[in-house]
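> The sequence shown begins at 173 in our numbering and counts up one residue at a time.
There's no promise every hint is true.
SDA-like cross-link-like pairs, simulated, lysine to any residue; straight-line CA separation at most 20 Å [claimed, not checked]:
#, residue 1, residue 2
1, Lys182, Gln225
2, Lys235, Thr193
3, Lys204, Val231
4, Lys190, Thr212
5, Lys196, Pro254
6, Lys185, Asn220
7, Lys182, Leu233
8, Lys204, Cys232
9, Lys182, Val260
10, Lys196, Val231
11, Lys196, Lys185
12, Lys173, Leu226
13, Lys182, Leu259
14, Lys173, Val231
15, Lys262, Leu233
16, Lys190, Phe227
17, Lys185, Ser257
18, Lys182, Thr216
19, Lys196, Gln210
20, Lys173, Ala184
21, Lys262, Ser217
22, Lys173, Lys185
23, Lys185, Asp224
24, Lys185, Lys262
25, Lys185, Asp253
26, Lys173, Thr228
27, Lys190, Gln214
28, Lys235, Tyr195
29, Lys235, Arg201
30, Lys196, Gly244
31, Lys185, Ser217
32, Lys262, Val174
33, Lys173, Trp198
34, Lys196, Lys182
35, Lys196, Leu259
36, Lys196, Leu233
37, Lys235, Leu259
38, Lys173, Thr216
39, Lys182, Pro254
If you are wondering where the hints come from, they were derived from the structure by calculation, not from laboratory data.
Quick caveat, the model's predicted, so the values are computed rather than measured.
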Amino acid sequence: KVRLNAACMKIAKRPLVKGETIYKTWHVRARKSPGGYQSTVQLTSLPNGWSDQLFTGQVCLNKQGSEHSAAGVALAALMADPRLSALVDKANAPRAHRELKENREEITVRLQ
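Could you build all of it, start to finish, from the sequences and the hints given here?
Here is the structure:
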């Protein structure tokens, strides 16, 4: 769920506000198993038709697991889209560049 929220903030280029990530969970009963919980997540902060989509996770033993499953499905779908994944990667680029620069400086100091 944390990784999904981070990706949504990078795509929206702003912090999310309460209510922009909507989880709905229900109990699922099965004939030959004890059943479990299943969740959907809707990401209203996303552009275009993405904000209307519901992402459905696997049936899990508890509510938390089902929400994490739905978040994983949503994150996989976002990262499979070239435009959205580029926005996430672009937002990660300055951090990666800064970390690389810090590592170079540390190596230079060690060599001296």
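> So which hints don't hold here, by number, going up?
5, 7, 11, 15, 34, 35, 37
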